[in-house]
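Modelling step: build the complete structure from the supplied sequences, incorporating the hints.
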Amino acid sequence: MHIRTSCRAWAVVAALGLSAVIPLGTAHAEERAPAAPGDIVRSEPSAFHPLPGQPTNTRAWKVHYRSTTATGAPTTVSGTVIVPQDGRQGPRPLITYAVGTVGVGDHCAPSANFPKGTALEANLIQQLTLRGWAVAVTDYEGLGTPGDHTYTVGRSAGQAMLDAARAAIRLPEAGLGEDTPVGIMGYSQGGQASSWAAELHGSYAPELDVKGTATGGVPGDLMEVAEFNDGSYGSGLIFMAAIGQNAAFPELRLDSYLNPAGKALLGAMRNSCVADGAVLGAFKTIDSMTTKNPLDKPDWRQRLRESRVGTHKPAAPVYLYHALADELIPYGVGKQVRKDWCARGADVEWHTIPLGEHVSGVITQSPLATRWLADRFEGKPSRANC
Numbered sequence: 006m007h008i009r010t011s012c013r014a015w016a017v018v019a020a021l022g023l024s025a026v027i028p029l030g031t032a033h034a035e036e037r038a039p040a041a042p043g044d045i046v047r048s049e050p051s052a053f054h055p056l057p058g059q060p061t062n063t064r065a066w067k068v069h070y071r072s073t074t075a076t077g078a079p080t081t082v083s084g085t086v087i088v089p090q091d092g093r094q095g096p097r098p099l100i101t102y103a104v105g106t107v108g109v110g111d112h113c114a115p116s117a118n119f120p121k122g123t124a125l126e127a128n129l130i131q132q133l134t135l136r137g138w139a140v141a142v143t144d145y146e147g148l149g150t151p152g153d154h155t156y157t158v159g160r161s162a163g164q165a166m167l168d169a170a171r172a173a174i175r176l177p178e179a180g181l182g183e184d185t186p187v188g189i190m191g192y193s194q195g196g197q198a199s200s201w202a203a204e205l206h207g208s209y210a211p212e213l214d215v216k217g218t219a220t221g222g223v224p225g226d227l228m229e230v231a232e233f234n235d236g237s238y239g240s241g242l243i244f245m246a247a248i249g250q251n252a253a254f255p256e257l258r259l260d261s262y263l264n265p266a267g268k269a270l271l272g273a274m275r276n277s278c279v280a281d282g283a284v285l286g287a288f289k290t291i292d293s294m295t296t297k298n299p300l301d302k303p304d305w306r307q308r309l310r311e312s313r314v315g316t317h318k319p320a321a322p323v324y325l326y327h328a329l330a331d332e333l334i335p336y337g338v339g340k341q342v343r344k345d346w347c348a349r350g351a352d353v354e355w356h357t358i359p360l361g362e363h364v365s366g367v368i369t370q371s372p373l374a375t376r377w378l379a380d381r382f383e384g385k386p387s388r389a390n391c
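This note's numbering applies: residue 6 is where the sequence shown begins, and numbers increase by one.
A few of these clues could be false.
[As the list claims (entries may be wrong)] Computed cross-link-like contacts, DSS-like style, restricted to lysine-lysine with a CA-CA straight-line distance of at most 30 angstroms:
no.: 1; residue 1: Lys297; residue 2: Lys216
no.: 2; residue 1: Lys268; residue 2: Lys297
no.: 3; residue 1: Lys216; residue 2: Lys385
no.: 4; residue 1: Lys385; residue 2: Lys344
no.: 5; residue 1: Lys318; residue 2: Lys268
no.: 6; residue 1: Lys302; residue 2: Lys289
no.: 7; residue 1: Lys268; residue 2: Lys302
no.: 8; residue 1: Lys289; residue 2: Lys340
no.: 9; residue 1: Lys344; residue 2: Lys216
no.: 10; residue 1: Lys302; residue 2: Lys340
no.: 11; residue 1: Lys318; residue 2: Lys297
no.: 12; residue 1: Lys268; residue 2: Lys289
no.: 13; residue 1: Lys216; residue 2: Lys302
no.: 14; residue 1: Lys344; residue 2: Lys318
no.: 15; residue 1: Lys268; residue 2: Lys340
no.: 16; residue 1: Lys318; residue 2: Lys289
These are calculated hints, taken from the structure and not from any lab test.
This is how it looks when you write it as structure tokens:
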């Protein structure tokens with residue numbers, strides 16, 4: 006029984022987190038955000054390694070840039086800009102990329118792990134740099150910067166993605182220009198972020214020349230995802246999401262709902278990456294960690310509804326995919342995103358992954374999604390199948 010539980014927990018790690026990390030223990034400096042979203046607060050040279058010491062023929066910079074919270078306040082978010090050193094002259098495409106769940110501890114941030122070669126999703130990002138594309142990877146709000154990570158808050162994540170693209174274009178060393186063609190890409194947590202970025206692009210960052218969005222494993226309805234995972238081997242995601250929602254909306258008063266066991270669990274999770282968090286939270290129910298279930302309360306339900314995907318039409322084409330046997334984000338949730346976007350007249354190319362589950366979905370589809378983005382950059386017509 007212990008072996009089976011451990012394997013399932015680590016499946017969650019492989020599926021969503023994709024990062025083995027070591028705490029950095031660095032202190033955060035106070036920063037003053039510039040006036041405009043996407044403006045760079047500061048930057049410094051970094052490195053991009055899919056594996057420890059593996060060369061990639063790229064240059065990388067860690068950037069702190071201005072973004073916007075879910076409630077409209079200015080904030081500072083960190084991320085990484087990666088540019089191939091291939092001698093290319095003139096414009097090159099830029100992908101703004103959102104990673105899957107890595108945890109809520111600051112040391113879990115992608116920018117902390119790219120230099121060490123411990124961000125395993127870097128292997129997927131390398132597919133993009135090998136094509137000569139620049140990549141901007143947001144750390145998301147509160148991951149690697151002061152405050153709790155706003156995990157699963159869709160508007161915050163989507164804005165952080167779009168502002169990462171702006172920051173990359175405004176970084177002089179990156180050699181990009183205002184006319185840079187942009188693609189949006191992400192899976193799982195990154196699927197929520199990239200879907201929100203696609204929906205917000207026209208209103209929040211209309212100057213970006215977005216050619217398309219490749220997004221998969223999208224947790225489009227957080228209430229449905231929470232109910233599906235409650236008490237299962239994916240239940241740790243629920244507790245991380247509670248931390249994230251409370252970080253964005255402190256009036257939800259998460260601590261007032263927790264019993265002693267819940268306070269201990271979430272206290273540990275706040276300093277954990279997905280490997281630890283998945284194990285700590287596996288098979289625990291919401292009721293066993295609370296004095297009253299916050300998901301029964303109107304304010305919590307309303308905030309979760311605000312992160313729903315499918316309420317706005319993406320302006321650019323979308324490549325949307327979901328595994329039929331996804332054990333963490335139900336297939337029906339992904340199908341509903343497709344239905345909602347299609348009903349709004351979006352250009353959606355939908356793909357069901359008939360074999361495999363959550364983790365294999367990103368592995369098998371990433372090359373196909375990348376090729377789809379290449380077609381958009383080349384100006385080829387999309388093939389919607391609503």
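Hints, verified against the model:
For a cut-off of 30 angstroms, the pair hint linking Lys297 to Lys216 is broken: about 46 angstroms separates their Cα positions. The straight-line distance between the Cα atoms of Lys268 and Lys297 is roughly 13 angstroms, inside the 30 angstroms bound, and the hint therefore holds. With a CA separation close to 11 angstroms, the supplied pair Lys216 and Lys385 stays within the 30 angstroms bound. For the hint pairing Lys385 with Lys344, the CA-to-CA distance comes to about 24 angstroms; that is within 30 angstroms, so the pair holds.
Taking the CA atoms of Lys318 and Lys268, the gap is near 39 angstroms; set against the 30 angstroms cutoff, the hint is violated. Annotation: proposed proximity of Lys302 to Lys289 holds, straight-line Cα distance about 20 angstroms (limit 30 angstroms). For the proposed pair Lys268 and Lys302, the alpha carbon gap of about 19 angstroms is at most 30 angstroms, so the pair holds. Restraint check: the Cα-Cα separation between Lys289 and Lys340 comes to about 28 angstroms, which is no more than 30 angstroms; the hinted pair holds.
At most 30 angstroms may separate the alpha-carbon atoms for a hinted pair to count; Lys344 and Lys216 meet this at roughly 22 angstroms. Simply put, Lys302 and Lys340 have alpha-carbon atoms about 27 angstroms apart, close enough for the 30 angstroms limit, and the pair holds. At roughly 37 angstroms between alpha-carbon atoms, Lys318 and Lys297 are farther apart than 30 angstroms, so this suggested pair is violated. Of the pairs offered as hints, the one joining Lys268 and Lys289 holds, with about 13 angstroms between alpha carbons and a cut-off of 30 angstroms not exceeded.
For the suggested pair Lys216 and Lys302, the alpha carbons sit about 40 angstroms apart, so the restraint of at most 30 angstroms is broken. Among the hinted pairs, Lys344 with Lys318 is consistent with the structure: their alpha-carbon atoms are about 11 angstroms apart, no more than 30 angstroms. Note on Lys268 and Lys340: the hinted pairing is violated, with a Cα-Cα distance of about 35 angstroms set against a maximum of 30 angstroms. Between Lys318 and Lys289, the direct Cα distance comes to roughly 37 angstroms. Violation of the 30 angstroms bound is thereby established for this hinted pair.
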